[in-house]
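Student: If you're matching them up, the sequences are chains A and B in order.
Counting from 15, one number per residue, gives the positions in the first sequence under this note's numbering.
Counting from 15, one number per residue, gives the positions in the second sequence under this note's numbering.
The set of hints was computed from the structure by calculation and includes no laboratory data.
Heads up, a few of these hints could be off.
Copies of one chain are not kept apart here, so a pair can be met inside one copy or by any two copies together.
Said to hold, decoys possible - Here are the simulated DSSO-like cross-link-like pairs (lysine-lysine), alpha carbons at most 27 Å apart as the crow flies:
{"no.": "1", "residue 1": "658", "residue 2": "122"}
{"no.": "2", "residue 1": "369", "residue 2": "664"}
{"no.": "3", "residue 1": "658", "residue 2": "78"}
{"no.": "4", "residue 1": "372", "residue 2": "664"}
{"no.": "5", "residue 1": "369", "residue 2": "582"}
{"no.": "6", "residue 1": "550", "residue 2": "664"}
{"no.": "7", "residue 1": "664", "residue 2": "648"}
{"no.": "8", "residue 1": "53", "residue 2": "577"}
{"no.": "9", "residue 1": "550", "residue 2": "372"}
{"no.": "10", "residue 1": "582", "residue 2": "372"}
{"no.": "11", "residue 1": "364", "residue 2": "550"}
{"no.": "12", "residue 1": "144", "residue 2": "369"}
{"no.": "13", "residue 1": "78", "residue 2": "369"}
{"no.": "14", "residue 1": "46", "residue 2": "513"}
{"no.": "15", "residue 1": "648", "residue 2": "582"}
{"no.": "16", "residue 1": "369", "residue 2": "550"}
{"no.": "17", "residue 1": "144", "residue 2": "577"}
{"no.": "18", "residue 1": "648", "residue 2": "513"}
{"no.": "19", "residue 1": "648", "residue 2": "577"}
{"no.": "20", "residue 1": "102", "residue 2": "658"}
Protein chains: 2
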Amino acid sequence: MENQLSLFYGLSFLTAAVAFAFAVYLYLWVKKQRMENEKIKEVSALIKEGANTFMRREYTVLAKFALIAAVVIFTLLPSPVWQGDVLKNISMAIAYLIGTVLSAIAGKIGILVATLSNGRAAEGAQKGIKPAFLIGFRGGAVMGLLVVGCSLLGVAAVLMITGDSSILLGFSFGASSLALFAKAGGGIFTKTADVSADLTGKVELGIAEDDPRNPAVIADNVGDNVGDVAGMGADLFDSNVAAMASALVIAQSLSGGTFANTSMVFCYAILGLLASVIGIATARIGKKGNPTRALNSSTYVTTAVFLALTAIATAIFEGFSWRIWGASATGLLVGVIIGITTDYFTDDSKPIVRKVAKASASGPAFTVLSGVAYGFISALPAMVGIAVSALVAYTLCDPMGEGYAIFGISMAAVGMLSIVGMIISNDAYGPIVDNARGLAEMGGLGEDTIRTADELDSAGNTVKAVTKGFSIGAAGLTVISLLGAFMSEVNTALAAAGKELITGFDIMSPTVFFGVLVGAAVPAVFSAMLILGVDKNAQRMVAEIHRQFSTIKGLREGDPNAKPEYSKCIDIATSGALRELIPAGLMSILATVVVGFIGGPLAIGGFLLGNIVTGLLLALFMSNSGGLWDNGKKYVEAGNEGGKGSEAHKAAVIGDTVGDPFKDTAGPSINTQITVVSLVSSLLSSVFVAFSIFG
Amino acid sequence: MENQLSLFYGLSFLTAAVAFAFAVYLYLWVKKQRMENEKIKEVSALIKEGANTFMRREYTVLAKFALIAAVVIFTLLPSPVWQGDVLKNISMAIAYLIGTVLSAIAGKIGILVATLSNGRAAEGAQKGIKPAFLIGFRGGAVMGLLVVGCSLLGVAAVLMITGDSSILLGFSFGASSLALFAKAGGGIFTKTADVSADLTGKVELGIAEDDPRNPAVIADNVGDNVGDVAGMGADLFDSNVAAMASALVIAQSLSGGTFANTSMVFCYAILGLLASVIGIATARIGKKGNPTRALNSSTYVTTAVFLALTAIATAIFEGFSWRIWGASATGLLVGVIIGITTDYFTDDSKPIVRKVAKASASGPAFTVLSGVAYGFISALPAMVGIAVSALVAYTLCDPMGEGYAIFGISMAAVGMLSIVGMIISNDAYGPIVDNARGLAEMGGLGEDTIRTADELDSAGNTVKAVTKGFSIGAAGLTVISLLGAFMSEVNTALAAAGKELITGFDIMSPTVFFGVLVGAAVPAVFSAMLILGVDKNAQRMVAEIHRQFSTIKGLREGDPNAKPEYSKCIDIATSGALRELIPAGLMSILATVVVGFIGGPLAIGGFLLGNIVTGLLLALFMSNSGGLWDNGKKYVEAGNEGGKGSEAHKAAVIGDTVGDPFKDTAGPSINTQITVVSLVSSLLSSVFVAFSIFG
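Bound conformation, chain A alone:
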């Protein structure tokens, strides 16, 4: 069986190499595409420069944070350095740093490809929907393949070298902590620019979304890249690593079949990556094809290929269990179902978006109220889906022996995330074509091209909802398995301290209950801090835009010699985002530490539960209501309920502005926050066992 595991280590490296090679091929293909329009070249270069400046400044701040964290980790983890094995502490700190570096690379490469693809996709749109779609999609796929390749490579290498799955938690924490700040920082940047550009441009002046007169327009396009591409890449890298790490920690704690179970985790990850490669390679669109359908059908192809390949592997390999396969399959199918129901709430061809658009005719308060209400309702199917998949996975795997039930849940998360390569490709496609639309307008490519780009952009919005369902659902399942990982870490520490082991977290215990209530408040406060960050930052940027319009002569009137100072806006978004991103992330980590020191491991168990419960609810609510408002506005702009310029349109724009930080700043940061908090808890379990007031 140990040979089997070696085989899978080898296959993991090989598959990662295949993914990298395919990514390079797609990168070269995109690069070969034509980009000749001078204006587009110029603006594209500005976007690239702005994004790179932000990333450089962000990573400078985060590098300091990571180094401090690495020192703390070296000193304390897995056990205080003066008590334990120094080599282990060094490994943990190095694994942590590798996690942060790989996460940073994922973001950086995403930016590189996205800023390469956007201008080319804009020019592609001149020739029709097919070439533009392929450029956007393949640009996104480069990022998808690299992220998943990196996570597979990193996890396999760390485990093979150290042989100790708890070091994986350090690696995963590196990925998550960076993702938390990258997502928050990028989210604040992008929405600061978006909200300010919309308010000053669309609402006050009545000019088009990407009008080059608007000083915030480049910052807005930069934001798409640093928020939706880099942030999202770091986020899904983190989710994928966390799901694999928690499955591997549990697999190694299982009595009997350790190697087979560990192999199985790698096997599923490998097959998921291969399925994504196949899905990406087969993505096709007709000349007049529907881009939403093209994206969705690639997702379904990937899903089917993954299910078939894993079934074959389960039949072939010794020690692979059909029950575990069932758990993974359930996770993946529930992910698809969550995606479909999310789509129901956010797609403008479905009734909900139309109802909200209709409510807008009665004024903005009704837009907001109905969006909030449907956002609340939209959380129900996803939460029931996650609950059911956990229940099914548990029930399927429980008969296999002690610990297998939780392993089943962790494999449901691995299953849900198996097609993450495909998901990232779809997700990164969105901001690329969104940028392409802006470039088409700024480059003056004409109405037809803009319309084609609009169609591509709208598909990006819809598909985003589906992929968000996956990442939130997977975070839910991952955290349940991390709760299992946390309990096993705590019991190891308790056994070492000669104390009584814990058997679970009973909600009738006031310590657990204390943790639950505090944990439940954290995602709300975290979201609030991010929203307020956008709020404050956008007020600063709006003031700057007003200043430019009033002091730069001819700018408002469209004099071609009047140049807006784009870089000032980029600078405000950057420094504001950097100022606001640390407090929210730090607050969640500190809250975990404080609860742990007050209530010990039992309180932390409750804390994680409370955190995940309201975290899921708020993440689903905010992502979906935000998507709903965005598409509601698009629906009105398409000429419904009075169309552009009507009262309904004004109300819909307000709804969209409220939704912006919901769906692109707070909502998608919450799942990273949940993961970080879980990992901090697991890593500090021995500390909490040793020092706590009530624990």
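Add chain B to chain A, keeping to what the hints say.
Tutor: Chain B only, in chain A's frame:
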């Protein structure tokens, strides 16, 4: 010791009688006050008639519901009628019906006094702040005294006659189920009218809030009565009964000291009522006094008197424990602290409201976003407070023996609600003076009087936030103790069925976890249904108002011969509210039943936890952000950030409209929803033990 209990039964009846006598005295005092203005008499009669019509129609619907529920209860509870003791089933059904009837009476009397006081308070305001304050406050106090007297009387009578505390759960369920529908129905009514009146009057026509030309103005004043008076009375009656019932169920299950503990619950309830009587009797305000300070100082007097009296009782009576006293005192103090922090977030002399007002200058999206963000943050101190009080109560009482820890938590809830008589008085004061303000305007009593009435009204808004903190906090603690009551009921049923007892609800169990996630989604869906109810209903009413303005000649211009058809608006609010109130309440009850049949008692334990956690979060968020927006608007109207008519004002009005159903429909209904779900679970525990799929 049995003699001691008999003593407290006797004292309970005596105290209730004292409270009733004092209420009658205050009622006669209010009635004696002058009401001579013809216009005020006329409008006051219209309000009274509208409120009574709504109540009659609402109670007709609810009577049918209650009768059906009574038949179901008779058939199934406490055990199926064909298996158990028929007499017990009859007692349970009768106790249920008494609970509903007392709840209905509480609402009805509240309306009676409120509609008696409003016109008198308006005329009192002509003479100054002092007489108007006393009329409003004493009118509210009549309701406060009657509600608390009824709950003490009802609980004591049911327990004394049946001697079976589980019958109390039936009584409590009667109170809660009616409160759920009354709160939801009244909440939908009041906000339908308020939102429609504001949108058509303030926003579209730019006329004052209570301008008699507006066809919705009477409906708006009726709404204050049926939502804030009748609904709130039913709500706090329910909370108070539930807290006492759960404490008594646990007291009776304790080994040793049963009588002393039961006596203690009654003793504390009696002393709380006496403390409220003293607080009400000593309420004073100077000629130029500050009404907010007067209301708050009566609350503090009541708190101090309660703590002193219970300390004396604990010293005197045999078997009374200082640990339990400590738990109650902690509950009460935490309630006060929650109130103070809530005040910090919603009072316009504090920074938060001013920040939101400032954000409004950048547009309505910023009003909404900053209000949502601060609303999220405001939940933190209250949730931590509830968590800490549960932890302290548990830790204090745990050494007393098995079961005492949970008893301590239930006594913390009883402590928090001990001053409920005072709280209701303060709460009912609000809508009375709100109505008085409207009547002063419609009766043409002049600017000075309106300004006096405005000052009284603003105090009502601030104090409301404090009292809401109490009721939400108490619901939190009550539900923890109901969870304890549920577990003891389940174990009784399991023992009877010869099955293994449960020792707790471990969140690592997937059945518990399943319940947690589904339970967590329920308050969100419940809130959404209520908000959508207001939304739909208000759209209908706005259409009707537009119709009246366009078809009734001279109405818009203020021709004194043009009479708006007030009754049409009242009718729309009524029938809409009745249509929307049943589904939301029924959904929460059905969700409980479905989860119970799927996952059995373990899933229900999780369900209750999930329900309470997100229920608390959403209730605090919605109540506080709603209060924040309301006072933000008032702050702008007072001349800040550009004052009335400015862009900031328009944005603030939109924020207030969003906040209306948050703070007066969904937010305050959630704690009733939590209580109902807990009681349904406890009552059906034997059914879930007998029939469930995974349980």
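Student: Next step is simple, just say for each hint if it's right about the structure.
Tutor: Hints, one by one, checked against the model:
{"no.": "1", "hint": "658 - 122", "in the structure": "neither (38 Å within a copy, 50 Å between copies)"}
{"no.": "2", "hint": "369 - 664", "in the structure": "both (16 Å within a copy, 24 Å between copies)"}
{"no.": "3", "hint": "658 - 78", "in the structure": "neither (47 Å within a copy, 49 Å between copies)"}
{"no.": "4", "hint": "372 - 664", "in the structure": "both (13 Å within a copy, 21 Å between copies)"}
{"no.": "5", "hint": "369 - 582", "in the structure": "between (40 Å within a copy, 26 Å between copies)"}
{"no.": "6", "hint": "550 - 664", "in the structure": "both (22 Å within a copy, 20 Å between copies)"}
{"no.": "7", "hint": "664 - 648", "in the structure": "both (12 Å within a copy, 24 Å between copies)"}
{"no.": "8", "hint": "53 - 577", "in the structure": "within (14 Å within a copy, 65 Å between copies)"}
{"no.": "9", "hint": "550 - 372", "in the structure": "between (31 Å within a copy, 11 Å between copies)"}
{"no.": "10", "hint": "582 - 372", "in the structure": "between (39 Å within a copy, 24 Å between copies)"}
{"no.": "11", "hint": "364 - 550", "in the structure": "between (35 Å within a copy, 19 Å between copies)"}
{"no.": "12", "hint": "144 - 369", "in the structure": "neither (33 Å within a copy, 49 Å between copies)"}
{"no.": "13", "hint": "78 - 369", "in the structure": "neither (48 Å within a copy, 33 Å between copies)"}
{"no.": "14", "hint": "46 - 513", "in the structure": "neither (64 Å within a copy, 72 Å between copies)"}
{"no.": "15", "hint": "648 - 582", "in the structure": "neither (29 Å within a copy, 37 Å between copies)"}
{"no.": "16", "hint": "369 - 550", "in the structure": "between (31 Å within a copy, 11 Å between copies)"}
{"no.": "17", "hint": "144 - 577", "in the structure": "neither (35 Å within a copy, 64 Å between copies)"}
{"no.": "18", "hint": "648 - 513", "in the structure": "neither (60 Å within a copy, 58 Å between copies)"}
{"no.": "19", "hint": "648 - 577", "in the structure": "neither (29 Å within a copy, 42 Å between copies)"}
{"no.": "20", "hint": "102 - 658", "in the structure": "neither (62 Å within a copy, 66 Å between copies)"}
In this structure, the hints that do not hold are numbers 1, 3, 12, 13, 14, 15, 17, 18, 19 and 20, in rising order.
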